[in-house]
Each structure stands twice: as structure tokens, then as C-alpha cells.
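J.: Below are the chains, spelled out letter by letter.
2 protein chains.
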Amino acid sequence: MSSAARRRLPRPAPSAAIGRIPIVEVGPVFEGGRWPARAVPRESVPVTATVFREGHDRVGATAVLVGPEGKVHSSRAMWPVGQGLDRWEGRVVPDAEGEWSFRVEAWADPIGTWLHEAEIKIPAGIDEDLVLATGARLFAKASSQVGVPSEARRILAAAAAALVEGKAKATDRLEAAVSTKVRDVLQDHPLREHLSTSATYPLRVVRERALVGAWYEVFPRSLGAEFHPKTGWRTGTLRTALKHLDRIAEMGFDVLYLTPIHPIGTTFRKGRNNALEAIATDPGSPYAIGSAAGGHDAIEPSLGTFDDFDALVARAQELGMEVALDLALQCSPNHPWVTEHPEWFTTRLDGTIAYAENPPKKYQDIYPLNFDNDPEGIYCEILRVLKVWMAHGVRIFRVDNPHTKPLPFWERLLNELRESDPDVLLLAEAFTRPPMMHTLALIGFHQSYNYFAWRNTKEEVEEYLADLAGPWGSVMRPALWPTTHDILTPFMQWGGQAAFVIRALLAATGAPTWGIYSGYELVENVARPGSEEQIDNEKYEFKPRDFTLETGVFMTELLGQLNSIRAAHPALRRLRNITIHPTSDAATVCFSRRVEEWESPDGKADCVIVLLSLDPQHAREGVAWLNLDALGIAPPAEPGKPALTAHDELSGTTFEWGTEVFFSLDPAGIPGHIVSVAPLG
Amino acid sequence: MSSAARRRLPRPAPSAAIGRIPIVEVGPVFEGGRWPARAVPRESVPVTATVFREGHDRVGATAVLVGPEGKVHSSRAMWPVGQGLDRWEGRVVPDAEGEWSFRVEAWADPIGTWLHEAEIKIPAGIDEDLVLATGARLFAKASSQVGVPSEARRILAAAAAALVEGKAKATDRLEAAVSTKVRDVLQDHPLREHLSTSATYPLRVVRERALVGAWYEVFPRSLGAEFHPKTGWRTGTLRTALKHLDRIAEMGFDVLYLTPIHPIGTTFRKGRNNALEAIATDPGSPYAIGSAAGGHDAIEPSLGTFDDFDALVARAQELGMEVALDLALQCSPNHPWVTEHPEWFTTRLDGTIAYAENPPKKYQDIYPLNFDNDPEGIYCEILRVLKVWMAHGVRIFRVDNPHTKPLPFWERLLNELRESDPDVLLLAEAFTRPPMMHTLALIGFHQSYNYFAWRNTKEEVEEYLADLAGPWGSVMRPALWPTTHDILTPFMQWGGQAAFVIRALLAATGAPTWGIYSGYELVENVARPGSEEQIDNEKYEFKPRDFTLETGVFMTELLGQLNSIRAAHPALRRLRNITIHPTSDAATVCFSRRVEEWESPDGKADCVIVLLSLDPQHAREGVAWLNLDALGIAPPAEPGKPALTAHDELSGTTFEWGTEVFFSLDPAGIPGHIVSVAPLG
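Taken in sequence, the protein lines are chains A and B.
Numbers in our numbering are just positions in the first sequence, counted from 1, shifted up by 1.
Numbers in our numbering are just positions in the second sequence, counted from 1, shifted up by 1.
The hints are simulated quantities; they were obtained by calculation from the structure and are not laboratory data.
The reader is advised that the hints may include incorrect statements.
Identical copies carry no separate label here, and so any pair may be met within one copy or between two of them.
As the list claims (entries may be wrong) - In silico EDC-like cross-links for lysine to aspartate or glutamate, where the CA-CA straight-line distance does not exceed 20 angstroms: (1) K142 to D373; (2) K388 to E358; (3) K362 to D128.
Just need the whole structure built from these sequences, with the hints factored in.
T.: Here you go:
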């Protein structure tokens with residue numbers, strides 16, 4: 002797509018006048034269209050609107066998708082939601098990247114209006130001839146509309162004739178004219194009068210990885226680090242890390258996320274367990290960036306060279322993995338910027354550079370940039386730094402604390418990268434209040450960390466999954482991480498291995514992107530006292546791991562299995578397609594995800610049920626009541642009989658399930674099912 | 002205001018870029034600014050926004066009101082709502098009619114940021130000199146800002162000096178510099194950095210009567226109608242009606258609403274109690290408009306002439322009342338339009354004109370207009386009809402069933418009238434689903450009937466009053482009618498006189514506009530069986546009334562008293578200023594309304610508490626817990642002591658109330674208090 006085409010961002014142009022058939026409250030629309038809704042190619046986007054008219058006549062609505070070049074791509078019928086709410090919903094499926102847009106059309110449905118009248122009057126014997134003749138005229142009009150294919154045209158014309166010709170009874174004529182076949186044709190080719198149009202709203206489509214991914218986080222220096230009783234620690238390097246990629250790729254992860262690999266400062270370097278003073282052998286936090294060896298555009302010399310980095314990226318790519326790099330915009334006191342550009346920091350009245358503070362706490366190892374001092378200079382430098390890494394194959398950045406930097410900086414950066422490198426994705430690591438998190442997403446971050454780790458009870462999980470499936474979820478694109486190097490919740494600290502199993506299942510199926518921090522396989526669940534992060538945190542020391550331990554083997558296999566299931570099931574690679582099903586148990590959640598054939602990323606209809614106990618301590622039993630309609634499954638022949646074939650992808654067993662599913666889930670094993678749904682037989 | 006100025010409707014122009022201090026979710030904004038928020042002159046309009054910034058530094062926000070000519074009228078500080086929500090609220094007060102607009106400014110608050118740091122560091126003895134010197138520099142900067150008056154300038158400069166000069170302890174210096182006096186100056190003249198601006202959103206201001214009024218509804222033919230045993234009924238006329246105006250004006254009503262006065266059709270005329278066949282002496286429904294004597298631009302000959310009408314209007318105006326006329330856009334089969342413009346109706350295939358239907362029901366006395374057949378012709382004719390009545394002094398129309406006519410028709414009409422006759426007001430009588438009711442208001446109806454009559458329990462009333470005070474209430478402008486000629490709810494049918502007392506108190510205080518249908522004084526509460534409207538409905542017969550009966554005298558006096566109280570209390574003439582106070586009783590509501598001096602329509606601070614039992618059968622006792630802050634009253638000297646003087650405007654008695662108010666309300670009398678609030682002493 003040309004840069005000029007990309008620049009033609011559709012903007013809402015609200016019409017001054019209300020339409021003949023009013024359309025209001027169109028969604029997904031953010032701040033009146035100031036920022037676009039979001040999707041990836043072949044993602045089904047729910048479009049909603051309030052549509053109504055004067056009087057009692059029937060209306061219809063159509064969702065219209067407009068391609069990046071401004072031409073209508075597709076139109077699909079919308080359907081009313083609920084009774085008497087005047088709310089309509091439809092779905093559109095863009096199929097390529099770019100700046101798309103959508104609108105809603107509303108129209109009078111004279112055949113629907115007539116049918117409502119006819120179905121009352123004809124059986125009552127009121128005005129029969131008049132009603133049938135009126136219907137015939139409407140069907141004839143429908144059949145002669147522009148664009149109706151000849152077969153549909155024939156069916157509608159026949160319906161018109163059936164209403165008025167021959168000698169059948171009025172009731173039989175009506176029935177013949179409104180057969181299922183005729184209704185199906187009308188669904189695709191309705192007679193539309195008083196066509197009215199909403200404003201056109203923007204929809205940005207970026208590459209699939211923005212929505213879908215399985216991330217694996219490592220500290221490269223730990224991969225291959227060794228402790229020798231005599232010589233002490235030998236750091237892992239980019240070259241030794243490379244040897245660990247096979248194991249990660251074998252588990253099915255497709256994004257390898259590296260914490261910062263830049264030179265680490267020495268002044269006020271933190272020691273083990275965040276100690277204020279480091280000892281000589283402490284490697285320091287990779288988030289204290291910058292030393293005499295360079296800053297954000299350099300590689301910590303002990304890790305290797307750009308050649309080593311290129312080799313790592315190349316090997317990851319061979320294995321089907323992208324490399325994501327941390328972007329932590331803060332400096333150690335030894336960062337080259339501190340001497341080259343002291344004006345980029347805050348100088349206090351006493352002439353010293355201000356370190357980070359949260360009074361009375363001081364973080365003397367970190368100098369925050371002051372973007373307001375030289376916005377242009379800092380912007381150009383950071384863009385240059387990003388381009389260094391982009392040139393070395395990094396197309397994903399995990400942005401550390403974006404909510405502590407000015408939003409206009411990010412918006413400008415994201416806009417410029419969208420023009421020059423639309424495949425570059427930025428993940429926002431902002432654990433803060435909702436308006437900031439929402440707005441970071443609105444201005445262009447492609448994906449967001451979120452509160453997943455703190456949603457643990459059934460009520461919390463059900464509410465959260467439903468939230469993620471709504472408009473804000475679609476803009477923020479959640480990445481679900483059960484733990485990170487900064488996060489080890491009480492649930493994970495106290496739930497044993499079962500907690501790690503439960504949260505892996507939930508993260509892998511709760512959203513299309515999930516992430517695992519290395520060591521998860523070993524159930525590393527001991528916290529530094531008084532904190533909610535790991536003891537002996539890898540941020541401050543080397544942490545080689547032995548995954549051949551029994552726990553490691555079991556968990557490694559489970560993570561691999563989860564990624565295989567995700568790969569096999571397009572329904573699990575979509576966000577907005579969730580249905581929560583009620584269960585009788587206070588700790589067991591049941592939800593399903595479904596894509597129909599026409600909206601499936603790989604053209605294959607798919608439906609998966611997740612039935613999961615959230616209790617790492619006790620076995621749970623109960624009943625889940627399935628909403629068959631949401632599963633696309635017909636009701637059973639008789640109540641109590643099976644309605645579907647349920648294949649448990651984890652255990653390999655297959656059941657026949659009805660609307661009531663009895664379950665027994667034991668945290669001693671895997672207390673959940675991930676079930677592939679198929680019709681009976 | 003010139004017509005050109007009116008045409009310069011402010012439109013939102015969302016900036017492409019996020020501001021330095023982000024501002025989102027500004028309100029009141031409807032459909033992204035497609036339609037304006039609403040107010041009347043001297044009405045305080047709550048402005049809300051989400052304002053936040055990166056990091057932990059403090060922010061502030063200002064609500065800016067822009068006059069119809071595009072110049073800033075006033076700016077007022079906003080304040081944060083709740084804790085950690087990033088929501089801000091402020092109020093603006095336009096003072097004249099016209100197309101105003103508003104926006105929100107957000108800014109960094111370096112003094113607030115410094116103060117937060119100083120109040121932690123100074124007591125802890127950290128960096129004292131540096132902190133104080135930094136503060137002095139900020140205060141000096143604040144004092145030298147453009148537009149700061151000299152006295153404020155002096156106070157800020159003194160604060161700067163106090164921080165760094167002399168020999169006082171650091172804690173004392175800090176205290177001196179941030180005295181209440183200094184904080185007050187900073188409230189009005191904050192040091193604002195990184196000033197950021199939201200889009201500008203429209204705010205339409207129309208005359209006071211759109212929001213505030215006391216309506217009284219009559220069927221003119223009943224006023225002075227007489228039955229003579231020998232000659233039968235003699236109709237009331239516009240001339241006899243005129244004699245009844247004194248009584249209505251004495252009660253304090255200021256809008257006299259006349260049901261239609263046009264010629265009434267004879268074909269399929271309805272008889273008493275909606276009988277399908279009328280007898281010769283039945284006068285017919287005034288809503289079946291049109292006969293050989295004329296249509297919507299004519300007066301039913303038996304009522305009188307335009308001269309008589311002019312006399313009625315003139316007398317009403319002398320008495321301080323405006324005349325509101327019904328606009329019921331439907332025709333009897335005898336309407337002149339039926340023969341002159343058959344194309345304005347729907348012609349069925351058999352050549353007959355379609356009457357109104359709701360199959361299988363037929364309404365053969367009514368021909369609905371088909372606006373789509375000749376939108377231009379019908380529009381011009383109806384505008385002509387309205388101008389006939391406007392020329393005869395009618396500036397308010399009560400529009401019957403606007404939701405059965407196309408919305409573009411109304412929007413065009415309302416737009417054109419706004420240009421030519423901005424004082425003309427239209428009240429929408431649309432009892433239908435919320436989207437239609439909301440949208441009628443958005444496209445320009447000035448006031449709306451609503452669901453008030455069906456909100457009877459404590460929960461319903463509390464929720465409804467709070468709703469009415471919100472954004473939709475401000476656009477719809479509710480008119481609260483306890484009964485109308487179409488509405489007699491079960492509550493009114495079965496609650497006796499007490500129900501009429503209760504609902505009158507609630508309607509008079511629940512919103513700035515209330516309405517009483519003649520006969521309310523006589524507690525006319527008998528319904529036609531199977532319906533929720535009065536038996537022997539005045540729509541189909543003459544209904545002279547004797548208000549000198551004991552009930553009539555009592556209720557007349559009560560209605561008059563309510564209007565007097567409303568006239569004396571500006572707080573009761575505002576909509577958005579409500580606070581609900583909890584009570585211990587399941588049937589008693591307590592709410593207050595308050596205007597501060599600067600936002601009061603008459604420049605006078607005012608606060609009123611309404612304490613009302615909703616139970617027409619039983620005496621209720623309990624406690625109301627007053628939110629003193631919402632009343633603008635300081636807490637009592639000690640718990641349990643009085644905090645305010647409460648003058649009951651209904652009984653004339655005066656109490657001293659604390660935060661807990663014990664009440665005993667008996668439906669045998671008046672089970673409510675309307676209390677004027679004043680500080681003690």
C-alpha cells in the first residue's frame with residue numbers, strides 16, 4: 002500500500018441531518034472516531050448500532066466495510082439484538098492490512114412490514130385480496146432490484162405470482178410465498194427503501210501478530226550462565242542463549258522476548274534481591290541502561306556483538322520465532338546521554354541531575370529522561386535507536402512503563418513507524434489506571450499488558466474475559482501473562498504447581514496472545530519477602546535453569562500442548578468470540594470460543610469449550626450448562642440426550658455432551674478440559 | 002443575535018494529536034458533538050472530562066465557556082471527582098440565548114507537584130534547601146503570569162520570599178508559604194504548564210421556558226359547557242373559557258395548554274368513552290381533526306373565531322400565562338387535505354385511503370399523513386399552519402405523537418423555526434422506546450413527556466430523579482405530569498386523594514417543569530374499565546367542573562402553594578442540581594436541590610429539601626440522613642446537634658435539623674415537607 006493511501010485516514014464526517022431511518026450510537030467507535038477501531042486481517046469485527054424509525058413499520062440494517070482504497074469491500078446483514086432495544090449487530094471481516102473504515106446502512110423493510118400485517122390479517126380473513134395483491138407488488142419490486150442474481154430473481158417473481166394467481170386459499174398462498182427459500186433470498190437481497198447511512202468510522206488493520214502470539218521471555222545472560230566454585234559466575238551470552246532456542250521453539254512459542262541487552266550502569270548498581278549496594282560480581286539490572294560501552298543502541302559487551310545478535314535473530318527466525326526487544330527509556334548515571342545531552346534530564350537547582358524518586362524513596366541508579374526539555378532531540382534519537390534494532394531484525398518492542406513518558410511522544414513515534422514500517426509492533430507495559438491504559442492503546446500501541454494476573458476468582462475471571470471481548474479489549478489487545486519477572490501474585494505464590502497449571506490454561510485460551518516467563522516450567526513461586534516478585538530475581542543475578550527436573554518436564558510438555566492446541570484451533574486465536582456458560586460450582590469457569598467458516602482466519606469453522614477449575618487446592622465437581630446456540634449446535638433430540646461430540650484436546654478422550662455437563666476436576670492432575678466441539682455423529 | 006451568528010453552529014474539530022496533558026471523554030457531548038448539549042440562560046451546566054498525565058506529577062483542569070460570537074465568556078476551575086478515577090468536573094453558566102460552545106483545558110500543575118513532594122520531604126528533613134528554593138522559583142513564576150491581579154501577585158511573591166528568606170525553620174517556611182490565603186489565590190490563578198485543549202463542543206441555549214414552567218391543560222369546550230335538561234349540551238367556547246383563566250393564573254400556572262381547537266370530523270366520529278359510534282350530540286374527539294369548516298389552520302366553529310382566540314391569548318398573557326397549542330398531525334376523513342391533497346395519504350391498491358391500523362384493530366376515524374409521498378409539500382403546509390398560530394401569539398406547541406412521523410421532517414422544522422423564531426418551543430409527546438425519545442430531543446425538541454407517571458416506588462423515584470439530572474435529562478428536559486387526558490395510572494386510580502397530593506408534590510419539585518390536567522383538583526381517579534385513562538373521558542364529551550367542592554378547594558390551594566414555592570426557590574427551577582439523601586423508610590424519599598449564588602438564575606443562593614412519603618395508604622416514620630456537604634451546610638458543632646434551620650414551606654413551621662432527621666408522614670394530611678434550608682442562627 003502506498004504511503005499516500007495510508008495517509009488517507011478515514012475520518013468521521015457526521016451528517017448534519019438525521020437520516021430517514023435514524024442511526025445512532027454506532028460502534029466500535031472511540032471518541033467519536035478520533036481514533037480508529039482495530040483488527041487484524043481476517044478478524045471478524047462486531048459492528049453495532051441503534052436503528053429505529055417512526056411508527057411501527059419494520060426496518061433492517063447492513064454493516065458496510067470499506068477497504069483502504071475507499072471502495073466498498075463487503076456488506077453484510079445486521080440482526081436485532083434482544084427485544085425492543087432497537088440495537089443491531091453485525092460483523093465485518095477485513096482481509097488485509099491498512100486503514101479501513103465501516104458504516105451502517107439502515108432501511109425500511111416493506112416486505113417485513115407487509116408480512117407482519119399479512120400474518121395477522123390473512124388468518125383472520127381481513128382484506129385478503131388487498132393484502133395478497135399488495136404483497137405481490139412488493140415481491141415483484143424486490144425481484145426487479147438492481148444486482149439481484151437471476152436465480153434469486155426467479156424465486157422472488159414466483160413468490161409474487163403465488164400470492165395472486167391460481168385458486169389456492171389465501172392462507173396457502175401466503176404460506177407458499179414466504180417459504181424458507183424465499184426468506185433466505187430476502188435475507189441476502191431485501192427490498193430496501195429509504196436507505197439511510199451513518200457516518201463512516203475508521204478501522205485500522207495491522208498484521209496478525211498484533212493480536213495473536215505465544216511469547217516466551219528470557220534474560221539472555223541466564224541462558225548458558227555457569228557458576229564455577231573457583232572462578233565464580235560466567236555469564237551467558239547471545240551465543241550461548243542461541244543454543245536454548247530449540248527448546249523454546251519446540252514448545253511452540255512464536256515470539257522470543259529479550260529483556261534489555263544494553264550495557265548496564267555501575268553507579269548505584271543494585272545487588273542481589275534489589276540490594277542497594279552491589280558486590281563486584283553482581284551483573285546489575287539490565288533496566289539500568291547505559292555505561293561507557295554505550296547506551297540504548299549498544300549491546301552489553303559481556304553478552305556479545307551485533308554479529309552475535311544477528312545470529313540469534315536468524316536462528317529464532319529459522320525456528321519460526323520473532324525476536325521482541327525491551328524498550329526501557331531510562332538511563333543509568335553512566336549512560337552516554339548523561340554527558341552528551343545533560344539537557345535531556347532534569348537538572349535540579351543545585352546543578353545535579355535528578356534521579357527517579359517516589360518521595361521519600363530514591364532510585365539513584367535511574368535518571369529519567371525529561372522529554373519536555375528537548376522533545377525534538379529526544380524523539381529523533383529514540384527513533385534512531387529503534388531503527389538500529391529494526392535494521393537488525395527486531396519488529397516487536399515491549400515498551401517498559403510507557404505511561405511515565407509523554408503521550409504525544411508515543412503518538413508521534415507510532416504514527417511515523419506506521420508510515421515507514423507498518424509491521425513494527427509495540428506492546429505497552431503500563432500497569433496503571435484505566436484512562437491511561439486505554440489512551441495508550443488509542444494513540445497506537447498495538448498490544449497491552451493488563452490486570453489478568455490479578456483476576457483469580459470465578460467472578461473476576463468471567464467478568465474480565467467478557468470485558469476483554471468488548472470494545473476496549475479489541476483496541477488494547479490483551480497479552481495474558483500468568484507471571485513476569487516483575488509479577489508473582491499471591492495466587493501463584495501459594496497455589497503450588499496446580500496454580501501454574503490453571504493459569505497457563507487460562508492464559509493460553511483467555512486471549513489470542515499469552516506469555517510465559519522462563520522458569521514457569523519449574524514453578525518458581527517463592528517471593529522475595531514483602532514483595533510480589535520472585536526471590537533471587539533474575540533482574541539482579543544470573544539464573545540458569547535445569548528443565549530436566551520432573552516438574553520441568555511435565556510443565557514443558559503442558560506448555561507445548563497448549564501451543565499446539567492454539568495452533569490447531571482458529572477459534573482460540575480470536576478475542577471477541579467468547580461466550581461464558583454458567584456452572585454450578587463457585588470455582589469453575591466454562592467458556593467457549595467459536596468462529597464460523599466465513600469469518601475464520603483459516604477458512605475453517607471451529608468451536609472450543611474451556612472448562613476449568615480455578616481452585617488449586619481442592620477437587621471441584623458440578624454441572625456446566627451449555628448455551629448450544631452459542632456453540633452453533635442444534636438442541637438434542639430429547640432433553641437429557643447428547644447434543645455434541647466433545648474431544649478433550651488435553652487428555653485425548655472424546656465424550657458426548659448434552660446441555661448439562663457433569664464435571665469433576667482435580668488439581669492433583671490437570672483440573673481442566675479444552676474441548677473441541679463437533680456435531681454428533 | 003443575527004441569523005448569521007446563529008448559523009455559526011460550533012462543530013467539534015477533534016485534533017489529530019493527543020495533547021501534552023491528555024483530555025478524553027468530555028461531556029456533555031452527544032454523538033461526538035453531532036448535536037449540541039442544552040441549557041437555558043443562567044443554567045449551570047456540569048462539564049466533565051477525563052484528564053491525566055504520564056508519571057505522578059499533578060494536573061489541573063479548566064472548563065472554558067465560549068459565547069455565541071466565538072469569544073471566551075468565562076473559565077472556571079474544575080475539580081477531581083472521586084479518588085484515582087482521573088475524572089474531573091466543573092460548571093459553566095451561559096447567560097444568554099444562542100449557540101454557545103465549551104471546551105476543557107488541562108495543564109500540568111507544578112506547584113501542586115512540588116507541594117506533594119515538599120510535604121513529604123520537609124518534615125523528613127530531606128533536601129530542605131533545594132526543595133524550598135525550587136518552591137520559591139515556582140511561586141515567583143506564578144506571580145509573574147500575565148493576567149494575575151496585583152493583590153494576588155503580591156501574595157504569591159510574598160509566598161516565594163517566605164520560602165527562602167529569613168531564618169525560620171524549613172517546616173515553618175513551608176507552612177507560611179502554603180497558607181489558605183495562598184491556596185485560594187492559586188485556585189484562581191494557578192501556575193499552568195503544558196496547557197492542552199480538548200475539542201470544542203456545542204451548547205445550545207434557548208429561553209428559560211424550555212426548562213421551567215408550570216403547565217395547566219384544558220379542553221376549552223369544557224370551560225363553560227352547560228347541560229340543560231331540555232336542550233341538552235351547550236358547548237363551552239373560547240369566550241367562556243376566557244372566564245376561567247383567572248382561577249388558573251391564581252394557582253400560579255404560567256403555561257395554558259389547549260388540546261386541539263380545530264374543526265372535528267364527523268365520519269366514524271367516536272362517541273362517549275371511545276364508543277365506535279357517536280350519537281348526534283357527541284362533540285367528537287378534538288384529535289380527529291378536519292371538517293368542512295377547515296383543518297389544522299382553522300378553529301372549530303362552535304368554539305368561536307380567531308378574534309375569540311386572540312382575546313383568549315391576550316387575557317392569558319395579561320395573567321402571566323403563555324398559550325400552548327396541540328399539534329396533532331393526523332386527519333379525520335373530512336379534513337380538507339383529504340380532497341385537496343389525496344397524495345399526502347397512503348392510497349391502497351383498491352383506491353381507498355388507508356386509515357390508521359394496528360392489525361387487527363382499525364382506527365377508521367383517523368387518516369395518517371404519509372410524509373414520504375410529498376415531503377416538500379407536506380413540510381411547507383405544516384410550516385404554514387404553525388405560522389398561522391404563531392402569528393396569533395402561540396409560541397409553544399405540544400406535539401402529539403412525534404414518534405409516528407419521520408424524524409427528518411421534525412429536524413428540518415425545528416432548524417427552520419430556530420432560525421426564524423428562536424422563542425418557539427416544541428414539547429414532544431412520545432411515549433415510546435428510549436432511542437426514539439432521546440433522538441427526538443437531540444434533533445431539537447425542547448422538552449419531553451416521559452415515564453414519570455409510571456415511577457412510583459422509592460427505588461423507581463430515586464433512580465428516575467437521578468437519571469433526569471444526568472446528560473439525557475438535560476437534553477430531553479422532562480415535563481412531569483401526574484396525569485393527562487391519556488394517563489391515569491393504577492397508582493392514581495387506587496391511592497385516593499393522598500396519591501394526588503403525593504404526585505403533585507413530586508412533580509412540582511422533581512423537575513423544573515410540571516403539568517396538571519384540569520380536574521386534578523377534583524381527584525378524578527375513576528378509570529374506564531380495562532384502560533388507564535379517565536372514565537367519561539373529556540376527549541369524547543363535555544366536562545364542566547365544579548371546583549368549589551371541598552376537595553377542589555383543598556387541592557386548588559395546594560397546587561397554588563406548590564407554584565408559589567417554586568417561584569420563591571430558584572433551586573427548584575433547576576434540573577441537574579439534585580442530591581438524593583438516604584432514608585430508613587422503604588416508602589419515603591428525600592432529595593435536595595441547591596444553587597450557589599454565582600450559578601443561581603436570580604443571583605440568590607438557595608437550597609431546598611423535599612422529604613416525601615410515596616405511600617398513599619399508611620403513615621410512615623423513619624430517619625433521613627442528610628448529606629450536609631451537598632446542602633452547603635457545615636457539620637454540627639457536635640454529633641447529634643442541629644446543623645441547619647429548616648423552614649417547611651407547606652406548613653410554615655421552622656425546625657432545627659441535624660444530620661439525622663426523624664420524620665412522621667401521614668397521608669391523612671400532606672405526607673411531605675418542602676423545606677427551605679438556611680445555616681443555623
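J.: Now, for every hint given, state plainly whether the structure supports it.
T.: So, going through the hints one by one against the coordinates:
1. K142 to D373: Answer is between: at 18 angstroms across copies they meet the 20 angstroms cutoff, but 65 angstroms inside does not.
2. K388 to E358: Neither, since 31 angstroms and 70 angstroms both go past 20 angstroms.
3. K362 to D128: between (85 angstroms within a copy, 13 angstroms between copies)
In summary, the structure is inconsistent with hint 2 from the numbered list given earlier, while agreeing with all the others.
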